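Asker: For the protein sequence lines, the chains are A and B, in the order given. All the letters of the first sequence, read from the start, carry residue numbers 99 to 309 under our numbering. All the letters of the second sequence, read from the start, carry residue numbers 980 to 1652 under our numbering.
Keep in mind the hints are simulated off the structure, nothing from the lab. Computed from a predicted model, the values in this text were never measured in an experiment. One should not assume that every hint holds.
Label-pair ranges, simulated between beta-carbon atoms [unchecked claim]:
| no. | chain 1 | residue 1 | chain 2 | residue 2 | range |
| --- | --- | --- | --- | --- | --- |
| 1 | B | Pro-1516 | A | Ala-146 | 27 to 37 angstroms |
| 2 | B | Leu-1411 | A | Arg-161 | 50 to 60 angstroms |
| 3 | B | Pro-1393 | A | Asn-260 | 17 to 27 angstroms |
| 4 | B | Asn-1370 | A | Val-153 | 38 to 48 angstroms |
| 5 | B | Arg-1373 | A | Ala-292 | 23 to 33 angstroms |
| 6 | A | Gly-191 | B | Gly-1450 | 25 to 35 angstroms |
| 7 | B | Ala-1537 | A | Leu-165 | 51 to 61 angstroms |
| 8 | B | Pro-1516 | A | Leu-165 | 46 to 56 angstroms |
| 9 | B | Ala-1537 | A | Ala-241 | 48 to 58 angstroms |
Every residue gets a Cβ at the ideal spot worked out from N, C-alpha and C, and that includes glycine.
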Amino acid sequence: MRVRLSALWAAVALAAGLFVLLGYFVQLKAIQDLRLTFLHWAVLLAGAALIVGLVNLVSVHWRKVGLLEEGWIYSAVLILALVITLGLGLFFGPDNAVALFIFSNFQLPVETSLMALLAVSLVVAGFRLVSRRRDLYTLIFLATALFVMVGTAPWPLPGLGNFEVVVRDLRAWISQVWAAGGARGILLGVALGATATGLRVLLGTERPYGG
Amino acid sequence: MSEQRCPMCSRPNPPDARECRHCGARLSPLDLAGPASGSGSQRQQTPPEQDWLDRIRAESEAAGEPEPEAAAELVAGELPSWLEEIKPEGSPPEAGEGGGRVPAFKAGGKPGGTEAGDESGPPEWLRRIRAREEVRAQDSGEGGQDWLSGLRGSPEVPAAEPEPEEGSYSARPGRDMAAPKPAAPESPDRPPERPRERPAAASQEAIPSWLRQAGGQDRSAEQLPPSGSPPTTPPFGLPHVQALIGEGGAGEAPPGGKPEGEADLPDWMDAASLEGPAEALPAAAEGEDSRLAPATLPSWLEAMRPVETFRPVVQIQTEDDQAVESAGPLAGLRGVLIAEPLVAMPRSATVGSMQLAVSERQYAQAELLHRMVEDEERELQPSRRVRPQLNFIRWAVAGVLLFATALPVLSGSPRFSLPSLEPRELGSLFTLIDTLPAEQPALLVFDYEPGYSGELDAVGEALIEQIMVRGIPIATMTTRPTGSPLAVRVIGRLAPLHGYVTGEEVVHLGYLSGGATAVQLFSLRPREAILQGFGLPDEMQAAGITAWDTPVLRDVAALSDFSLVTVITAGTETARIWAEQAKNYMGQTPLVMVLSAGAEPMVRPYYEAREPRVNGILTGLPAATAYERRMGREGLAAQRWNAFGTAMLASEFILAAGIAYGLVQWWMARQER
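Isolated chain A (complex conformation):
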């Protein structure tokens, strides 16, 4: 019975994938409608998964607060904030003024400050890099970063016009040739990996749904 059920799950997944894939190539109304139905189901499942994740988050932090584990105070703050924003969203809608005020004056500054700390940490790491690891690759890395920054930032010496052009072109060459070349390789790898994974799922070789 277990074998039959796993085969059933594999058949369902295979059929769903094939219908969605056929929708790219065959413009039949039945296939398009079926594809749309599957897409709707997927979006609904994604929303349900978000709710499940929310419940799991609350349960984990609630347990930490109940057991007074290390850092339980942060879990308590999280649960309190969650209850407040969730209540505001449910009762007054997500676009009410209080919710937007909380977002603009709490979440946005906090996350922006974290990005600012990241900038400071990166600069400190760059300062220490040569002292900690002194080899050719480190020097190349730092020199490249320095050239890109100089080419991006405002030019502090307006008198050196030709030199500014050279630096800007060097920056463009680094970012649009070397960096873009590497990015294309990454994208090709991602595409090949996605294709292989899709084929494995369609052939039933890989079953992320279990069975």
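Given the structure of chain A, go ahead and fit chain B onto it with the hints provided.
Answerer: Same frame as chain A, but now just chain B:
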């Protein structure tokens, strides 16, 4: 040997120590008669019966009797009667089928006597045997048997007993005293298996008194004590037990009785004596090992034993090789169980034998396991609380960057000139926006996190402002939960500047959950993917008007109905999803990416492709500043340009200082070496 090792703990001890000074174990086997006699062979060299024999001799000398050895030498080749009793009587193999083995009557007879014994002389069966032996001896006329004939002629010869083979049945010192000493040499051509006639008993005159005393009892055995009487006891205290005598045959045994003086045999001995024929007994004694199943140890016990200490198969030694007990009540017996425990016997040291045969890897793993167990048992010392130390470099860098960012905002200087050079793609993008149809709405996707708002708000506002300048209706949406407030915030800042009213020129569709699948669904059926909208005026919500019913989206049924789709994002994954999933359903609608500077390399391949899936990109604050400059307006990018410039300049100097500091450190270290 300078020292002796303890058989228990294998530690060295002085050679004269009797007990181990480390563990207290006995260093030599227990010997009540004196010091340890060593191995069995050594015990045989010093017969244990010597002391009591000496005592008897001394008593005899005190009584005026001659030396027993001297008396024995008087009549060479003659043995006393008591010795005749214990010497096995032989009979030729053809004399009876039971020759050489314990006759059946021994097993079934009454203990301690026989019915054949009467007071008139030897029993009938014994006389018959003797007569037959005499006739046979006379017929054979073998050399070297004259003395036997003489002995046979003596009326005191009690019986002829078959002599067992050497090794299979030997007299035991202390019990069969004269047995090891043969009375006459054997003829070399005589077959070994042929039973020899026992020598005639010595005359009464030749027998010393002490032997007569002892032998008289034996001789009186011919008169056979009544059945059931206990065996007689010699004067020295040892009970007299007649040697096991193989009679001429089972048929000659008296029915239902045992010969005189025969001791009770255990059942196992009787059963063994009845197993084989007479010829098989010597062979069986020789090949005892092969007949007996070797004592094997079970596999689990075999695995536990020390490798070199014990043997897996216990070889049962022949009787001659077995040690003679030298002390205790079993003194003189051969093959008895050793009184000392086996571990106390001299053997090889157990230290070396306890070494397990393990490979280096197994040894390393065992060491690792041992260390882990020790670590588990070790009590952790309370770690000292490390006092937090201020990291000077980190704080200095943070201070420099904060100062560089705040200085232009607070003091208005330094001021950097706006970039005179602009990216190549900026001109085409500007033209693209400038040529968009004003009657179709533009879709703006705010797909970035609030942390990137410092950069992307400024970059995006440059493009959005141009759209608003063109008067193109705007619809916003997001695939991130925090995108809608960001859209409301940006649009709310620009809309008043250009007279845009929510619900009329601009509308927010809100959050689209579902990731890439939702983007595909939205590309196919936008109205089915997002139902209501976000941030509509209260009166619209009260009237039940959704975002799709507003003038902005009233004519939009598909993604291609938008005049422009602009994705503002800092993540390459989001940009890839929109370029790959949505572009196929956009028709001629251009797709523009407003990107963070870090995402540009991953999106640029879509823009620079032969069939581009991205029709325009706007990346970073310098490009946004250049875009605003092209528009002739000073937007958010221009406002942040000076702070951006000073912070970048400070970062460049810090990086350069770090590089210089590291190189100087390296150079100084090299100079010191």
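Asker: A separate judgement is required for each hint: does it hold in the structure or not?
Answerer: Each hint, compared with the structure:
Checking the proposed 27 to 37 angstroms range against B:Pro-1516 and A:Ala-146 shows it holds: the Cβ atoms sit about 31 angstroms from each other. Separated by about 54 angstroms at the C-beta atoms, B:Leu-1411 and A:Arg-161 satisfy the suggested range of 50 to 60 angstroms. Taking the beta carbon of each, B:Pro-1393 and A:Asn-260 are about 23 angstroms apart, inside 17 to 27 angstroms as hinted. Hint check: B:Asn-1370 to A:Val-153, Cβ distance near 40 angstroms, so the stated range 38 to 48 angstroms holds.
Range check, B:Arg-1373 to A:Ala-292: about 41 angstroms between beta-carbon atoms, so the 23 to 33 angstroms window is missed. A:Gly-191 and B:Gly-1450 have their C-beta atoms about 30 angstroms apart, which keeps the hinted 25 to 35 angstroms range intact. Between B:Ala-1537 and A:Leu-165 the C-beta distance comes to about 53 angstroms, which sits within the given range of 51 to 61 angstroms. The hinted window of 46 to 56 angstroms between B:Pro-1516 and A:Leu-165 holds, with their beta carbons roughly 47 angstroms apart.
The beta-carbon spacing between B:Ala-1537 and A:Ala-241, approximately 49 angstroms, falls within the hinted interval of 48 to 58 angstroms.
When held up to the earlier numbered hints, the structure conflicts with hint 5 and nothing else.
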